[in-house]
Amino acid sequence: MASWTQKKLLMTMGGVSLGVCMLAGGGVYYTHGLIDEVEIKIAEKANAVLAADAKIKQTRKVETEVIILRENLGEYVKILPDDKELIDFVRMLQRFERESGIKSTGLQQAKGSRGNAKGRFAPISYTFDMTATLWQGLKFMNLIENFERFVSITDFSIKKPRTTGDVKTIDGEVVHSIKLTMQTYKYNKAAAGQEVTIPGYEDRMAELREEIWKRMQEIRLTHYEHPGVQGRRDIFVDPRENGLAGGSDPSNADQRDVLEKDIGAVADLNKMLEKCRAEGTPLMEQYAIEKLFKSKLTVLLANLDKDAAFIVYRPYRLRWAQEVVAPIKQLQQRMITPQSKPADPYLSKDAIQDLIALMTDDCNSGQLEQARQRYESLQERLAVPAADPRYGLAVDAKSLHHKASTALDFKRLDLNIQGVVVNGGTGRSGMLLNGEVFEEGDYIADDLLVKQVEEEQVWFVFRGLTLVRTM
Amino acid sequence: MIRINLLPADLRRGNRLPARVLAAAFGAALIISAAVGWFGLVYFGNLAASEQALQKVTAKLDSRAAGVKYYTDLEANRKDYALRVQTIQKIGKSRRVWSQFLDDLIDVVNNNGATDRHLAWFDSITVKGDPKKGVTVKLPSNVQGDDKSLMANFHEDLEAAPFAKELSKKSDPSFRQKNDPERIPTAYLTFPMELQFVPFAKKAKKK
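Order-wise, the sequence lines are chains A and B. Going by our numbering, 99 is the number at position 97 of the first sequence; the sequence numbering is gapless. Going by our numbering, 234 is the number at position 199 of the second sequence; the sequence numbering is gapless.
Keep in mind that the hints were calculated from the coordinates and are not lab data. As the structure is a prediction and not an experimental result, all values here were calculated from the model. C-beta: ideal position from N, C-alpha, C; glycine also. Heads up, some of the hints might be wrong.
Residues from chain A that face chain B, not an exhaustive set, calculated with beta carbons under 8 Å [claimed, not checked]:
#1 His34
#2 Val51
#3 Leu52
#4 Ala54
#5 Ile58
#6 Gly103
#7 Met143
#8 Pro229
Let the sequences and hints guide you as you build the complete structure.
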């Protein structure tokens, strides 16, 4: 080195310096690469933090949703349960069979429907064979369709049973052969995830009670209530009149006559009731109409069973149910509870005065029963409050009713006066009543006192009212 | 003449480093130091700072991991439950309540007991479901008497029934007159009746 020329020395130094600088530059370049990588990672992680923050912010909302859904889970499980409930479903079929009266002849799982699908809900189909009347079968189908577990009837058939000889009937209804294919679903628990534990679950659940209930209504299946026979005929039976040897049933024309007579009678009764309830009908006319109405209704009711047995032709049975039986029930109901109460629920002053006058006449003429009925037919409209100016009149009417009722009860008493002893002012008179001797002032019963004995008549006090019994 | 330099070699004038070399050496040393310093600054300064920032952000992310996992699990639960509800609703909507259909059909046939318009009955009913085609209802039908207008009335009443709006097809009127001597009247018209319901997929689309 000592022998190196100056130029060589300078060149070496320059070279070394350049080399070191290049190495340093390369190192810096490489380090910047590393920094870039780290910064990308930082950016990624920062984004992940932001995303995590956003998720964490959403947690409460999701928690709420999960609580609502989980609380309604019981309802879903009822609709689409797992294996265990499937066995219960078969048990339910037995219950429905009892309730509807059908007779099952077979239950088979349809081919290719084993419920082994990998999805969350696997369909399972059953074929159910039975013999039943149309109404029994319909009731059974309705029970199935209204069952809390989701069951869909996918196919069905109603046919005449394959029997020889007479057609089998139950309570006069033809028995059919019915086949149903029912489809239900089995819930696959394995496909579901693990349940997350939510802190403070009970409190949150209490807070969300209303929302949980609201959501539950949304998942409820639509139900239909089968109304029953309602006098309708079986649509799978020929309804025409049997022409063989005339049959034992009355002719359709005769049945129609009876039906129309009863429909007419119901229409008359309806008209009478309308007139009776009309605003302008005078009280006395109302009373007379009501009396007539009751007697006509009694006659109609007395013949109802006989007429019902007479009408056997199914189309007429429906009209009978709809146009006779149902309106009679309505009429009876209207009799008990008047449909529209007048604005003033009480009788007018004039009407009460009329009633009192009529009742007084009835009492004086011995028509006690009539007087009592007059009052009782209007009793509801005579319950005038004490503050009302009509109160005094209502009390008078009530007092007359009390007198008439007491007199009627007194009349019914078994009082056989066999003889009297009258002591003209010297002592107490007496009598022989039903084999026993009673003197004036004696009690015959708790509410019956002998007040005065005279030669031709005996005065009694009965429930506070003085009444006379003549010999 | 021989000249002998008795000074040590490095002190001899001719052997001393020239100033240019010294200056160059100094310059080179400076450049090298600067280069190494720059590298050190970048490597131990910037890179370390970035790594520290990364550690910080990683720690931040890790601190949220539990919350995110909880959220993810909750979301999985929610999706699972929501799917069950959706399926129930879908299955529920695809169901036809046949007891209601039969009640409506019975009402049409019974016609409130009025027999002047028609007096009809069926031989049987066969209902077959097909998710693509829709449900087919086969009802071999009969009407009392030989008056064709009664059959037309019956067709008309079926078309006005509550279930008619869900039908995609209904048999056109056709008949064969038959007689049953055991009944009054003996004559009756027998005819096929096929009702085709709109498939639920189409019904849902329409909505």
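Checked hints:
This hint holds: histidine 34/A has a C-beta 7 Å from the nearest C-beta of chain B, less than the 8 Å allowed. Taking 8 Å as the C-beta cut-off, the interface hint given for valine 51/A holds, the closest approach to chain B being about 5 Å. At a threshold of 8 Å, the smallest CB-CB gap from leucine 52/A to chain B is about 10 Å, leaving the interface hint violated. A least Cβ separation of about 4 Å between alanine 54/A and chain B falls short of the 8 Å threshold, and the interface hint therefore holds.
Checking isoleucine 58/A against chain B by beta carbon gives a least distance of about 4 Å; that is within 8 Å, so the hint holds. Interface restraint check for glycine 103/A: the shortest CB-CB distance to chain B comes to about 15 Å, outside 8 Å, so the restraint is violated. Hint status for methionine 143/A: holds, given a least beta-carbon distance of 4 Å to chain B, under 8 Å. Residue-level restraint check for proline 229/A holds (minimum Cβ-Cβ distance to chain B is 7 Å; threshold 8 Å).
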